[in-house]
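S.K.: Two independent chains are provided; combine them into the complex using the hints.
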Amino acid sequence: MQHRSLSTTLIAAVATFGFALSAHGQINVGVTLSATGPAASLGIPEKNTFELLPTTIGGQKVNWIVLDDGSDTTKAVTNTKKLISEDKVDVVVGSTITPNSLAMIDVVADAETPMISMAASARIVDPANPKTKWVFKTPQSDSLMADAIAVSMKANGVKTMGYIGFADGYGDGWLAEMRRSAQTAGIKIVGEEKYNRTDTSVTGQVLKLVAANPDAILIAAAGTPGATPQKELAARGYKGKIYQTHGVANPDFLRVVGKDGNGTILPIGPMLVFEQLPDSNPLKKSSADYIGKYEAKFGKDSRSTFGGHAWDSYLLLSAAIPEALKKAKPGTKEFRVALRDALENTKELVATHGVYTMSPTEHNGLDNRARTMIKIENGKWVLAK
Amino acid sequence: MDLPIFALLTQDGVTNGAVYALLALALVLVFTVTRVIFVPSGELVAYGTLTLAGLQLGKPPATIGLLVGMAVLAGVMEIVACIGKREMRQIPRQLAFWTGVPLALAGIAAWLATPELPFWAQILVTLALVTPLGPLLYRVAYQPLAEASVLVLLIVSVAVHFALTGLGLWFFGAEGSRTPPFAAASFDLSGVNVSLQSLLVVLTSLALIVAFYFFFGRTLYGKALRATALNRVGARLVGIAPNLAGSLTFGLAALLCAFAGVLIGPFTTVYYDSGFLVSLKGFVGAIIGGLVSYPLAAAGALLVGLLEAFASYWASAFKEVIVFTLIIPVLLWRSLTTHHHEEEE
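Line by line, the protein sequences are chains A and B. Sequential numbering from 1 applies to the first sequence in this note's numbering. Sequential numbering from 1001 applies to the second sequence in this note's numbering.
For the record, the hints were derived by calculation from the structure and aren't laboratory data. Hints should not be assumed to be uniformly reliable.
27 Å max Cα-Cα, derived DSSO-like pairs, lysine-lysine [stated by the list, open to error]: (1) Lys241/A x Lys154/A; (2) Lys300/A x Lys375/A; (3) Lys1059/B x Lys297/A; (4) Lys1059/B x Lys380/A.
All figures in this text were calculated on a predicted structure; none of them were measured in a lab.
If we strip away everything but chain B, and leave its shape as in the complex, we get (with noise of 0.2 Å):
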């Protein structure tokens, strides 16, 4: 292995490593706050790509149809809940807010999706369309359980990945697509050929963890939702509404995912059921960190990425496999040198 290859393969590990981070973000963040293993943060990113790539052929993307499905059926929960409680007042303002605004947002993807629309339009339309189908989630499938288990958590989480998938099929179609890079140059740097798309791929996730960072450290709805991590009972006590705190978590982590979709698809052509195997790997990375630390998940991330690069070169056909039992040392390690805290059910 000479200098270029190592330095090429070194940018494809980091590239991915990247994107792999800002899946263990969302991961890390659903479950500190909600306790939820977010499984289906997947099937969001190939939404992401997906959706980016509909707007591309000049055609209002499948996402519409299921954005609109999702806040319906919110609407109909959230008036469902709003009687059960004898709440009446309070229904316009709860379907204004899981109902019209989706469909808002819907309507004005539809009218923009047309061939005329700039590239960074259409990335802003498509963060638009897939970050509300993550409070939208919450709302329908893990609200109502909110307070359960993390096992049974799990298994809602299992199941809205298998929904979610074949919707992905049944919106999507079987074939994958790609999206043209953001920039098509790449530059010398001492010898070594540096493509300005892995360089941008890395710079906006650099942004957006620098962003959380600031929005975790400075904000008070960051602050909030940092309240509730430590302690849910505590937060539910100063007046933090648990609900709140679910949604906006799951509008975040939908917002990274979506922005992982963008990022990848200019790499690789992604499938419905391409996501999985991304969060998968952003989970490796989220376990690194325990599932807590979101500095230490972004390391993981990137020791994924970058092992999977190396792995694909000299061993392509074990290469998930290397991937993969990475997670085992993982697991001894932080068993044998963490104090387990049993989780209050």
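For reference, chain A alone in the conformation it holds in the complex (with noise of 0.2 Å):
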């Protein structure tokens, strides 16, 4: 008991050093993203992206916190209570998935905290109202990546296609999503079919899609899980065109998949092929600059598309910051309104995904520069043209 005791208020006494440190004249910026559980292979690469950061912006000290919510809807929110109330942070980035974003917005918006999201909905920052106005996020909508494939199937002569994605937030958004821009585009949705990331077979899907003979199969699904319904499609023979979503652009994807996913095309922001885009893409050197720092720290070929999201949330306050602290202190409510008004006010910002223009109701800021269509060709990410 007595070893208990005393390791016990070792880690009391430390944690209330670290508390008092923290604490004290700098900015705080509290993040909680999904670095275990089911998004964890979203949320690491986006963690050691923090770890990246330089601790000085504005020549004011920076304090990054980083808590891991573990993909936990219930942990998101306690976490950014905790962030606020005890770490009295001045922004909130986070979370990595949809759901935790969503949780999130009353808290920041009760609180008066601007928020940067990491995740893909757009009804995290739709409609602006008074909650939303305290939030922001990074990724690419899933709509504007609906219409990039919608435009791609179009180009390739696609009437008919069939859909299989996640059963959940994810997947549900992309298919509302793909009905709103197929049906733009005149392309008919033959097959809609779900299945779980842990799934061992999704044999009877596919059948049914297969069956269905679309001329193009879209999957949409998170990481390594997307290659099990294209790999399926494969076995069972199907020759149509496969189409998956910027959710699979990670290494480890082309390593599970292997040869079965040649030919797949997907939208992705420039990021991932920036050695391909042409010089006179302003996203190739921010890029270039992110993905060098990335992969010196964990190693060739590491670099995913998650990480810049987290990037990106850093390029907004570094040049969001600057502006506020001509308006206040960091730690008070006027330096978080301030900072609010100047993400807000964010003008062309170069990152790596895309260039952010914010609005009072626009609260994502991508156009059509942030989306382009990449390829796989043996076992590579290659820009389609």
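M.R.: Here it is as structure tokens:
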């Protein structure tokens, strides 16, 4: 018992000191992300990215407080409350996934603290209302990407398409957006199937899709689970085009899907293939800067687009913080309001995924420059023309 | 639905059912002998696949680190236990068993893990790495509480499950892996395409089930386990060490789980946390067998596999709902037809 109470005291002491240090005259950025749990493959590169960030912005010391929410909505809310009430953060960054980000909106709006989400759904910032006034997000919305897919399908002469996606918020969001985009492009959806990340087999769903014989099939999944239906489609001899979403753009997906991935088309933030972009593209330089730093620390070809979302939130902050510092001192309500206003006034900020221009009604701020179609060829991402 | 689709779905269902059957057997085995609901069985399945996938890359799999850590922990616990009982002379023997053997296995595996290792040897190394985790888990987590109530043991199981999931993320990373198929070929059976891979999975499961039947029917250790399952106190009176029975059971269960992991690897991408759902489906199968009957559990697992395959064809959005709803009528039927025995605590 003696040992236990001693170690408890030590932990408490360290925590108290850490807290005392963190609360003193500097900018506190609270981060909650999903480094464990089902979204870990998205959250880990984000967490890695926060390790690369500088500790000063605009001459002011910045303290990054990174917490893990385990892909759990309740935990994300608890983290946010803790960051706001205990660490007195000036801005919250997170979370990795849509359900967590949606749940955090009420908390940050009540505390009048700006928040930058790293999750995809457009619902996080739309529509503009007194609550979402405090919320910004860096990743491309699924609607932007769904339009890109519909345009590409139309150009490839696709008349009918099938859909298979996650039986969760990610899949549902994509299905809704794809229905809209496909209708606009005059493409008929002839099959809609769902599956789970941990399913041991998708044979049933794939058989049904193949029986409907669409010209193209869209797989809406995040990370390596996207390979499961694709490999099954190959095994069943499906000959049409296969589209994936930007959720699968990491090296592990290429490793798992192997040669069955050849010819797959997907929309993506241009950073992933920055080497292949023309020099005139403004994103080339900023992406090279980020990916250079990331791969120097975490290994060659370790890049993932999810880390880019984290880096982009840092770029947004590094532009907005100096503006806010002119108006107020960090740690005050006035500073948080000034920071929010500065974020909303972001104009033509060149980041890794795209160029951000915010406005009171537009808190994502990306346009067509934030997407490009790529193809998988022999285990590599290749810019599609 | 035409015949080829029906046949393919049946084949898919039977293949998955065969894997769930292994899990169901492991769950029934562990429950009857030790009264533990073996929730962490799924993690051992995932470890099986991920270990094999690691070996495929020609690297020493991360499982070695886990094995070494558990072996050292078990060794320390044994030393403390021996000192507590003032049986110093027992220490070397217990250390050799709990730490020496796993360390030797880990060493051999690390030495063998080269890209040149043939596929069958990779499978053997995988089994040799995952199986000892069973007895080690029993020693570290369950043995100190072996006399506790079923509920306490279940809570321990849930804790072990979370610990192993976390360790899985730590050791294997967040991304999943697949292993290559044992056999890529397929053949036509009166117009129906049958893949050799599925056939191999079903045959392996069958062979394991038959092997277990003989183990329990014919060998002394098997009979000792059956005796412990029937009556723990009585078995102890005739000289069967409950701790030996416990670790032996966990070893066998871990072997079954590792086999299940090796078998599902070629069909699906396995993640550090994939095992839970697989074991849950095995559990539904085991419940159909009332957690006591091996043949009924295997049949139940097969039913789960088939139901899953057809549900994913007809209503993929409700697949899991359909599979897990199966447990309600089964529980109703069981509680109406069987007489409940209060367990003496």
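S.K.: Next step is simple, just say for each hint if it's right about the structure.
M.R.: Hint check results:
For the given pair, Lys241/A sits about 12 Å from Lys154/A by alpha-carbon distance, which is consistent with the 27 Å threshold. At roughly 21 Å between alpha-carbon atoms, Lys300/A and Lys375/A fall within 27 Å of each other, so this suggested pair holds. Taken as a hint, the Lys1059/B and Lys297/A pair is honoured in the structure, with Cα atoms around 22 Å apart against an allowance of 27 Å. A hinted pair counts as satisfied when its Cα atoms are at most 27 Å apart, and Lys1059/B with Lys380/A qualifies at roughly 23 Å.
When the structure is compared with the earlier hints, no violation turns up for any of them.
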